[in-house]
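One-letter residues, chain by chain:
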Amino acid sequence: MANMNLVLNVWRQKSANAPGQFVRYEAKGISDHMSFLEMLDVVNEQLIERGEDPIAFDHDCREGICGACSLMINGQAHGPRQQTTTCQLHMRSFKDGDELTIEPWRAAAFPVLRDLIVDRSSFDRIIQAGGYISVRTGAPRDANEILVPKTDADESMDAAACIGCGACVAACPNASASLFTAAKLGHLGLLPQGQPERMARTRNMVSQMDREGFGHCTNHGECEHACPKGISVAFIARMNRDYLKAMATQPVERDNDDG
Amino acid sequence: MQKALTLLDTTVGKKAVMALTGLVWFGFLVGHMLGNLQVFLGPEKLNAYAQGLKALGPLLWGARLTLAAALLLHVWAAFSLVGRSVAARGQPYRVKKNPATTYAALTMRLSGPLIMLFLLYHLAHFTIPGVAMSSSYTHDHNDVYANVIHGFSVPWVAALYVLAQLALGLHLFHGAWSALQTFGLSHPRYNVLRRHAAQGIAGLIVLGNLTIVIAVQAGLIK
Ligand code: HEM
Ligand code: FES
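Listed in order, the protein sequences are those of chains A and B. Quick note, the first sequence lines up with residues -1 to 257 if you use the working numbering. Quick note, the second sequence lines up with residues 1173 to 1394 if you use the working numbering.
Hints in this document: simulated from the structure, not taken from any laboratory. Here a beta-carbon is modelled for each residue, glycine too, at the ideal position from N, C-alpha and C. It cannot be assumed that every hint is accurate.
Pairs of lysine to any residue, SDA-like flavour, derived with a Cα cap of 20 Å [as the list claims (entries may be wrong)]:
#1 A:12 <-> A:54
#2 B:1268 <-> B:1279
#3 B:1268 <-> A:98
#4 A:26 <-> A:80
#5 B:1175 <-> A:248
#6 A:26 <-> A:12
#7 A:26 <-> A:91
#8 B:1269 <-> A:50
#9 B:1269 <-> A:97
#10 B:1217 <-> B:1234
#11 A:148 <-> B:1359
#12 B:1394 <-> B:1328
#13 A:93 <-> A:2
#14 B:1175 <-> A:130
#15 B:1268 <-> A:20
#16 A:26 <-> A:52
#17 B:1217 <-> B:1206
#18 B:1394 <-> B:1222
#19 B:1269 <-> A:80
#20 B:1217 <-> B:1392
#21 B:1268 <-> A:115
#22 A:243 <-> B:1356
#23 B:1268 <-> A:12
#24 B:1268 <-> A:72
#25 A:93 <-> A:23
#26 B:1226 <-> B:1301
#27 B:1226 <-> B:1299
#28 B:1268 <-> A:80
#29 B:1268 <-> A:109
#30 A:243 <-> B:1180
#31 A:12 <-> A:50
#32 B:1268 <-> A:130
#33 B:1268 <-> A:222
So the derived list for chain A, only partly shown, Cβ under 10 Å to chain B, looks like this [said to hold, decoys possible]:
#34 33
#35 73
#36 127
#37 196
#38 198
#39 206
#40 217
Sequences are here, hints too, so could you generate the full structure?
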């Protein structure tokens, strides 16, 4: 087991409105078996022992499924490894003596709450804008009564893999939420259950995405590269297609279009 | 629940405007290049082609107005979106890597305005007498061929055109690639093809234009 010493430049900010700055820390005796977050835990223990404020960062499942963890590590969302969340990133991806710059996601629609924690509720509001899907109530229906072609089911599940972490926004040079919104739209839009409200949902979610102040998509592809779930920008093409179709076929909102 | 935004208030709608107006200009650029390549067929052919265009009268003006309108819309959407994009990041990163994108994509907001400046210069060059021609020559509205030869025989003018074409090439490459995605015309299976098509059309326009400038400089056409 190899131990390493690292230098961290960490963004520290007391509260949403306080000014922030980078603070330099030394992380000593870090095992390469640790995850990135465990490394920060070690640094935080030392800070607490010294009577200093620990570095605040988001985390929950620590197994790559909840989407809580974040962090811009040396200019890359979730660090240097593809399809890996920060909690799944092992310190063996770094070497002794490395200097790491750790920043929060940067987007006007993701304001910093404290240190490395940002407020991602703009994502929740985009999902809310999607509204409901129509389901038949009453007597239960037979299981698997609604047939879903295998390829559609697979593609829909690829979109559903989105954990809403926000790495796409963080990595995008325009801070665009197109990949997130497109994944959520693709997820329902590919299934029969998502068809009745598909056009209204696309229009409403795209509108909310823009209202939150995210940037536009210029097709850099940084989002797909940074996405810990490897979600394809093909979903953005699908969103654009559906949005333009929605505006061409149902340009005027109907009363029951709101979700 | 708030009302949905109108088409032109959304980023997707504005991108569609950019893509559509960009494609209008793609059409023009291909035609413009092919038409001008007739310089290699000699003075009679090129001057006859120019006379033919002029004879179109209102049709020609219709095309010019369409192009001007398309350009205005394109630039309007560009300014509006780029402004949004800058505000959307807010505080910039201290360290930011962009491993996936291209140089062309990252410099769209630079190559665009450069094309605009070049376009204005280019229009002045071939319509206003006395702009950047070789010193012994005066511009002649009825002799397009001579204007081209004298215009491109000045070395710094030729250099400027070459540089402008490089900016144009970058803009067109990412533009073509991006516009198809904006319209939703993309699929992982055909993306390699889409990339080659974007490179192909951008390369064709740039190379076609450049052969004229280079041929004049090399003395291949006089
Ligand atoms: C020969 C003329 C031009 C052509 C053929 C052209 C073509 C295009 C195309 C096809 C796109 C892609 C649209 C999309 O992503 O869907 C684009 C984007 C862009 N164009 Fe142009 N364009 C031209 C001139 C200009 C000019 C004069 C400007 C600015 C003054 C400009 C600024 C931009 C910018 C900033 C973008 C990227 C916008 C973004 O970040 O989304 N373009 N252009
Ligand atoms: S903490 Fe849950 S995905 Fe990283």
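Could you work out which of the previously given hints the structure breaks and list their numbers from low to high? Failing hints, ascending: 4, 6, 8, 10, 23, 32, 34, 37.
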